[in-house]
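Student: Throw the hints in and build the complete structure from the sequences for me.
Number of protein chains: 2
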Amino acid sequence: MSKTLVLLSGGQDSTTCLFWAIKEFSSVEAISFDYGQRHHIELDSAKTIAKEAGVTQTVLPINTFNALGGNALTDQINVNNKMESNKLPNTFVPGRNLIFLSFAAAYAYQKEIRNLIAGMNQTDYSGYPDCRIESINAIQNAINLAMDYNITIHTPLMFKSKAEIWRLSHDIGCIDIVKKYSHSCYNGVKGGCNYCNACILREKGFKEFEKSFIP
Amino acid sequence: MSKTLVLLSGGQDSTTCLFWAIKEFSSVEAISFDYGQRHHIELDSAKTIAKEAGVTQTVLPINTFNALGGNALTDQINVNNKMESNKLPNTFVPGRNLIFLSFAAAYAYQKEIRNLIAGMNQTDYSGYPDCRIESINAIQNAINLAMDYNITIHTPLMFKSKAEIWRLSHDIGCIDIVKKYSHSCYNGVKGGCNYCNACILREKGFKEFEKSFIP
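In the order they appear, the protein sequences are chains F and Y. Here the first sequence is numbered in the working numbering, starting from 1 and rising by one per residue. Here the second sequence is numbered in the working numbering, starting from 1 and rising by one per residue.
It is possible that some hints are incorrect.
Copies of the same chain look alike in the list, so a pair counts if it works inside one copy or between any two.
Only pairs whose alpha carbons sit at most 25 Å apart, straight line, appear in this in silico DSS-like list of lysine-lysine [as the list claims (entries may be wrong)]:
#1 K87 x K3
#2 K111 x K204
#3 K87 x K111
#4 K82 x K111
#5 K3 x K82
#6 K47 x K180
#7 K160 x K207
#8 K179 x K211
#9 K82 x K180
#10 K51 x K87
#11 K111 x K190
#12 K3 x K23
#13 K47 x K23
#14 K51 x K180
#15 K111 x K3
Just so you know, the hints here were simulated from the structure itself, not pulled from any lab data.
Tutor: What follows is the structure, given as structure tokens:
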């Protein structure tokens with residue numbers, strides 16, 4: 001009953017979740033998605049991090065988001081931090097977390113895994129509606145009914161700020177791995193472009209963590 | 001507000017839904033999924049039917065179900081009608097309708113479409129949990145929260161038997177197209193294998209319809 005599957009993008013949040021899961025559960029594996037993302041380089045990070053953590057990683061392809069297009073992560077549109085007419089940044093991929101969690105659940109169903117761990121958080125985030133707790137709860141309910149199979153989605157970072165996520169990674173002893181290997185930048189620049197929202201939130205959080213931690 | 005998107009597999013139910021939608025809504029288009037299904041031939045039917053109906057059809061690829069495998073529709077496993085240990089036939093693809101509706105919603109989001117029409121029904125069906133009204137309602141809720149965009153999923157066939165679905169297609173004047181072009185057989189046999197559940201339910205329903213309609 002304690003088999004768990006971590007959604008591992010290779011970013012700061014999911015990397016922290018992976019090491020959190022290893023502390024909390026007896027059996028952990030990771031799943032990543034090759035969905036034609038602009039920052040495809042994050043998959044190299046995910047692979048390295050899974051290896052460092054000593055867990056099995058499965059990479060599933062999804063060729064549908066590129067076919068849909070219409071956003072800066074899966075289409076030929078430049079990343080910008082402005083709000084679009086829908087009041088979201090143009091890096092919002094409609095349905096992404098819903099579909100990632102659904103495919104992860106389909107994989108879990110086959111392997112008799114009952115726990116999914118995912119790094120969504122609604123405190124310092126980019127405004128994506130699929131990161132909110134209400135959305136995650138609704139997705140869990142939809143999965144459980146549609147598959148007639150009970151799965152719990154754990155989101156240990158949901159109410160943490162980015163600074164608190166850095167603090168958690170320090171406390172559970174994975175901060176060096178997060179700093180060294182995780183990739184957040186939407187533009188796919190190794191080490192960060194320092195421009196996109198993902199880079200800005202990561203760096204801002206780290207500075208706050210340092211300030212609060214070392215007075 | 002009356003723009004609609006019909007999930008068109010090319011089978012009896014979705015074909016009937018397409019013509020129902022054309023009667024009920026002013027603007028209709030269709031979406032189909034090329035997901036590596038054993039009965040890939042249904043996509044030829046869907047294309048012909050969309051053309052006959054005079055609606056635009058979009059075909060989205062999904063290469064993930066083949067990668068997941070584990071069932072008779074997207075893996076090298078023979079279709080049988082026995083119940084597996086999970087009390088479902090081996091044609092159950094975990095997450096399929098959840099993911100189809102999510103991708104359809106992502107497409108609808110981009111096109112400012114607020115209505116999805118889908119052919120799921122829970123009366124004469126194969127026992128798939130993602131065809132039940134509870135599942136559809138939960139999926140609608142998950143989509144609306146995860147995308148922060150209100151979409152209504154209409155399932156006009158939900159409580160109809162297969163005989164009643166044949167009757168509906170007669171009443172709205174599409175029965176000849178359903179009979180001539182729609183494809184139901186899981187084994188991909190043109191005209192039906194007469195063995196798989198899809199063939200059996202279709203044929204049984206048609207006989208009941210004929211009997212009730214022509215005394």
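Student: Evaluate each hint against the coordinates.
Tutor: Hint check:
1. Proximity of K87 and K3 under a CA criterion of 25 Å is satisfied inter-copy only: 22 Å between copies versus 38 Å inside one chain copy.
2. Taking the closest pair of Cα atoms, K111 and K204 never come within 25 Å of each other, the shortest separation being 39 Å inside a single copy and 36 Å across copies.
3. Taking identical chains as interchangeable, the C-alpha atoms of K87 and K111 lie at most 25 Å apart only when they sit on different chains, with a minimum of 17 Å there against 39 Å within one chain.
4. Taking the shortest alpha-carbon separations for K82 and K111, only the inter-copy value of 21 Å comes in at or below 25 Å, while the best intra-copy value is 42 Å.
5. When the C-alpha separation of K3 and K82 is checked against a cutoff of 25 Å, the pair qualifies neither within a copy, at 41 Å, nor between copies, at 29 Å.
6. Proximity of K47 and K180 under a CA criterion of 25 Å is satisfied intra-copy only: 13 Å inside one chain copy versus 50 Å between copies.
7. Taking the shortest alpha-carbon separations for K160 and K207, only the intra-copy value of 15 Å comes in at or below 25 Å, while the best inter-copy value is 60 Å.
8. Within a single copy, K179 and K211 get their C-alpha atoms as close as 17 Å, which meets the 25 Å cut-off; across copies the closest is 71 Å, which misses it.
9. For the homomeric pair K82 and K180, neither the shortest alpha-carbon distance inside one copy (29 Å) nor that between copies (52 Å) is at most 25 Å.
10. When the C-alpha separation of K51 and K87 is checked against a cutoff of 25 Å, the pair qualifies neither within a copy, at 38 Å, nor between copies, at 37 Å.
11. Within a single copy, K111 and K190 get their C-alpha atoms no closer than 34 Å, and across copies no closer than 34 Å, so neither meets the 25 Å cut-off.
12. Taking the closest pair of Cα atoms, K3 and K23 come within 25 Å of each other only inside a single copy of the chain (13 Å); across copies the shortest separation is 49 Å, beyond that limit.
13. In this assembly of identical chains, the alpha carbons of K47 and K23 lie at most 25 Å apart only when taken from the same copy (20 Å versus 51 Å across copies).
14. For the homomeric pair K51 and K180, the shortest alpha-carbon distance inside one copy (14 Å) is at most 25 Å, but the shortest distance between copies (55 Å) is not.
15. Proximity of K111 and K3 under a CA criterion of 25 Å is satisfied intra-copy only: 9 Å inside one chain copy versus 40 Å between copies.
The structure fails to meet hints 2, 5, 9, 10 and 11 from the earlier list, while all remaining hints are met.
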